[in-house]
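Peer 1: The residues making up each chain are set out below.
Number of protein chains: 2
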Amino acid sequence: MTNRITLCLAGFGNAAQAFCRLLLQQQQYLYKMHQVKVDVTAIAGRSKGALFDPVGIDLSRALEEVAHHGMFSSNNPQLASLTTLGSIQRSHAQVLVELSTLSIENGQPAIQHIEEALCQGMHVITANKGPIAWDFRRLKELADQSGKWLLHETVVMDGAPVFNLVKETLPGCSVTSFKGILNSTTNFILEEMETGMAYEDAVREAQRRGFAEADPSLDVEGWDAAAKTSALLNVLMNGNVTPPEILREGIMKISMEDVKAAQKKNCKIKLLCEGWLENGQPRGRVLPSLVEKNDLFSTIDATSSILSVTTDLMGEICMVERHPEIEQTAYGIYSDLLTLIRKTSK
Amino acid sequence: MTNRITLCLAGFGNAAQAFCRLLLQQQQYLYKMHQVKVDVTAIAGRSKGALFDPVGIDLSRALEEVAHHGMFSSNNPQLASLTTLGSIQRSHAQVLVELSTLSIENGQPAIQHIEEALCQGMHVITANKGPIAWDFRRLKELADQSGKWLLHETVVMDGAPVFNLVKETLPGCSVTSFKGILNSTTNFILEEMETGMAYEDAVREAQRRGFAEADPSLDVEGWDAAAKTSALLNVLMNGNVTPPEILREGIMKISMEDVKAAQKKNCKIKLLCEGWLENGQPRGRVLPSLVEKNDLFSTIDATSSILSVTTDLMGEICMVERHPEIEQTAYGIYSDLLTLIRKTSK
Chain A
1 MTNRITLCLA GFGNAAQAFC RLLLQQQQYL YKMHQVKVDV TAIAGRSKGA
51 LFDPVGIDLS RALEEVAHHG MFSSNNPQLA SLTTLGSIQR SHAQVLVELS
101 TLSIENGQPA IQHIEEALCQ GMHVITANKG PIAWDFRRLK ELADQSGKWL
151 LHETVVMDGA PVFNLVKETL PGCSVTSFKG ILNSTTNFIL EEMETGMAYE
201 DAVREAQRRG FAEADPSLDV EGWDAAAKTS ALLNVLMNGN VTPPEILREG
251 IMKISMEDVK AAQKKNCKIK LLCEGWLENG QPRGRVLPSL VEKNDLFSTI
301 DATSSILSVT TDLMGEICMV ERHPEIEQTA YGIYSDLLTL IRKTSK
Chain B
1 MTNRITLCLA GFGNAAQAFC RLLLQQQQYL YKMHQVKVDV TAIAGRSKGA
51 LFDPVGIDLS RALEEVAHHG MFSSNNPQLA SLTTLGSIQR SHAQVLVELS
101 TLSIENGQPA IQHIEEALCQ GMHVITANKG PIAWDFRRLK ELADQSGKWL
151 LHETVVMDGA PVFNLVKETL PGCSVTSFKG ILNSTTNFIL EEMETGMAYE
201 DAVREAQRRG FAEADPSLDV EGWDAAAKTS ALLNVLMNGN VTPPEILREG
251 IMKISMEDVK AAQKKNCKIK LLCEGWLENG QPRGRVLPSL VEKNDLFSTI
301 DATSSILSVT TDLMGEICMV ERHPEIEQTA YGIYSDLLTL IRKTSK
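So the protein lines, in turn, are chains A and B.
Numbered continuously in this note's numbering, the first sequence closes out at residue 346.
Numbered continuously in this note's numbering, the second sequence closes out at residue 346.
Please keep in mind that the hints were generated in silico from the structure rather than gathered at the bench.
Don't take every hint at face value.
Identical chains blur together in the list; that is why a pair holds if it fits in one copy or across any two.
To be verified - With a straight-line Cα cutoff of 27 Å, these simulated DSSO-like cross-link-like pairs (lysine-lysine) come out:
#: 1; residue 1: Lys148; residue 2: Lys37
#: 2; residue 1: Lys264; residue 2: Lys253
#: 3; residue 1: Lys265; residue 2: Lys48
#: 4; residue 1: Lys32; residue 2: Lys140
#: 5; residue 1: Lys293; residue 2: Lys48
#: 6; residue 1: Lys32; residue 2: Lys179
#: 7; residue 1: Lys260; residue 2: Lys37
#: 8; residue 1: Lys253; residue 2: Lys343
#: 9; residue 1: Lys140; residue 2: Lys48
#: 10; residue 1: Lys293; residue 2: Lys260
#: 11; residue 1: Lys48; residue 2: Lys37
#: 12; residue 1: Lys179; residue 2: Lys293
#: 13; residue 1: Lys343; residue 2: Lys179
#: 14; residue 1: Lys148; residue 2: Lys343
#: 15; residue 1: Lys253; residue 2: Lys32
#: 16; residue 1: Lys260; residue 2: Lys179
#: 17; residue 1: Lys179; residue 2: Lys48
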């Protein structure tokens, strides 16, 4: 790795934009602490167009154009007529940062982007959970064979370092089970219902506040939580599973009566993600579950999240992320970039 | 570092014994995964006597003798007439594992043990919080100058990786503040008082269960919590403070009326450890504080503990250790040993 690192961004949504703002803010730090200049040389957005410049894209301009017009300007001298795959192939960047929109059916097109990047000799940082939930083992092997890194800290709990917690700070431990609250939309909806709001109104409130998509089915049917459960099984417990293999029940059938019955038992209903070993095989489920009010899990409010990991040698360790914003997602990607710098400069 | 690592243990109390049991259990793993044979070549206990053998001490025998007689047997062929300092000087071990009894007044004799070990060219793993709370900066500089490692994960929250969380998994982040419940004895006593038990009875119950010492003053006066706060300030926030510089109030003055008044406000009283920056300088305090019942901190029960760290780039991350046993302390020391193996084999 030279003292210059070049990035190709696949996707330019909210997380990608926040990451670019953070990069601009951290340029001095990166140069001073790591003697590294980071340049984004390609950006391929689905709806915003593509930018390409081997010398380095003017990120301030790109951010401003998207903020004002929702897409890159036709006057932008770095505008390019490239698909995402074309950008990866043509960019000659050292690192693909995969930020494209998740397709929950099969993890595509992100998987294809990552395959192509590894094929081109690039390292990969993905904030897209699809590839890790659907195809981690194969992609990791591909990366290992190419001597490249596949980093994915942002995939579960934004920048909260749940994967690195196990990998870097619990040496010699095997994860035997985990339990988490990992989907903020359903957590918010269930919390609103506790205050007496009907399910439909709570969904609309989540949409109004920007927590839920126009089509909330990925969240309320538990697909997002299942994808995260699958990713955790694959990475932390050496699994080779996909989201449809996760036992899954969403929150659509939770009625006000259910919520009130839980309250009578001094409990709350939370959408729990769980992983465990069954005859040595990693298994997972996503299920609305009763949690006692004096339990740690019941205090996880709104967009906060928690992951509790049980290991053979160290017992139970929990990590809680409180009230994250998009900046925490940006940090997750940035922390992978710093990890890459540390790993490749040795 | 060769494929053999030799350890000198200063202290042979509960944590040291649990660590030796874990070492025996992990021998195969260490050899298979890291091609390393770990031998303890010296043990210096304060009341149990000393063992010394360059070939390696028979740990099973040592553990059995102490379990049955409270000290090493006079028949033990590895018995030696050595002080702790003498053991460190004579052992020629590669690593000192500092496990001696904490003196809260000044961090001695552990500081002297560590100085001597570094002077002898040894790496140091300390589970004793004294040196980190009292003299971290100087000892770290001493270690850096000698090109040796000074590791201390066990000092706060047993084996829960609070120091490595920041060091290894939050790259580029600066810690701006922290808040924790870090002393289990006081946490247990306050919890018993919530059930209506008088302070004195709660202290006796803690002693009966083995959470509190015969002289509980280190815990109930907040000294243990202050030492941990000082250690966190020194390591995570680049401080250079000592326990007496921590604003400190224990729980001796907490009355049943205080506990009931808190309950009326839907709160609990918890002994909080806090660190923050004041005009750029790290400051700390230990104070019984009101915590709302629906807050994460109020669910930290009995011997569980929590540390919440706020950083510039990643917001607030909390780590919770639930219901640790002595095995978790042993794991903390073992994880430092694995870190040492990883760092020195590169």
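Peer 1: Now tell me if each hint is right for this structure.
Peer 2: Verification of the hints:
1. Lys148 x Lys37: within (20 Å within a copy, 31 Å between copies)
2. Lys264 x Lys253: within (19 Å within a copy, 36 Å between copies)
3. Lys265 x Lys48: neither (50 Å within a copy, 52 Å between copies)
4. Lys32 x Lys140: between (32 Å within a copy, 23 Å between copies)
5. Lys293 x Lys48: neither (45 Å within a copy, 47 Å between copies)
6. Lys32 x Lys179: neither (40 Å within a copy, 30 Å between copies)
7. Lys260 x Lys37: neither (56 Å within a copy, 59 Å between copies)
8. Lys253 x Lys343: Classified as neither: same-chain Cα gap 47 Å, cross-chain 52 Å, threshold 27 Å.
9. Lys140 x Lys48: Neither. Shortest intra-copy (30 Å) and inter-copy (51 Å) distances fail the 27 Å Cα cut-off.
10. Lys293 x Lys260: The answer is both: 13 Å in one copy and 20 Å across copies each meet 27 Å.
11. Lys48 x Lys37: Answer is within: at 26 Å inside a copy they meet the 27 Å cutoff, but 58 Å across does not.
12. Lys179 x Lys293: both (17 Å within a copy, 22 Å between copies)
13. Lys343 x Lys179: Answer is neither: 30 Å inside a copy and 31 Å across each miss the 27 Å cutoff.
14. Lys148 x Lys343: This pair counts as both: shortest intra-copy Cα distance 10 Å, inter-copy 21 Å.
15. Lys253 x Lys32: neither (54 Å within a copy, 50 Å between copies)
16. Lys260 x Lys179: within (24 Å within a copy, 34 Å between copies)
17. Lys179 x Lys48: neither (38 Å within a copy, 43 Å between copies)
In summary, the structure is inconsistent with hints 3, 5, 6, 7, 8, 9, 13, 15, 17 from the numbered list given earlier, while agreeing with the others.
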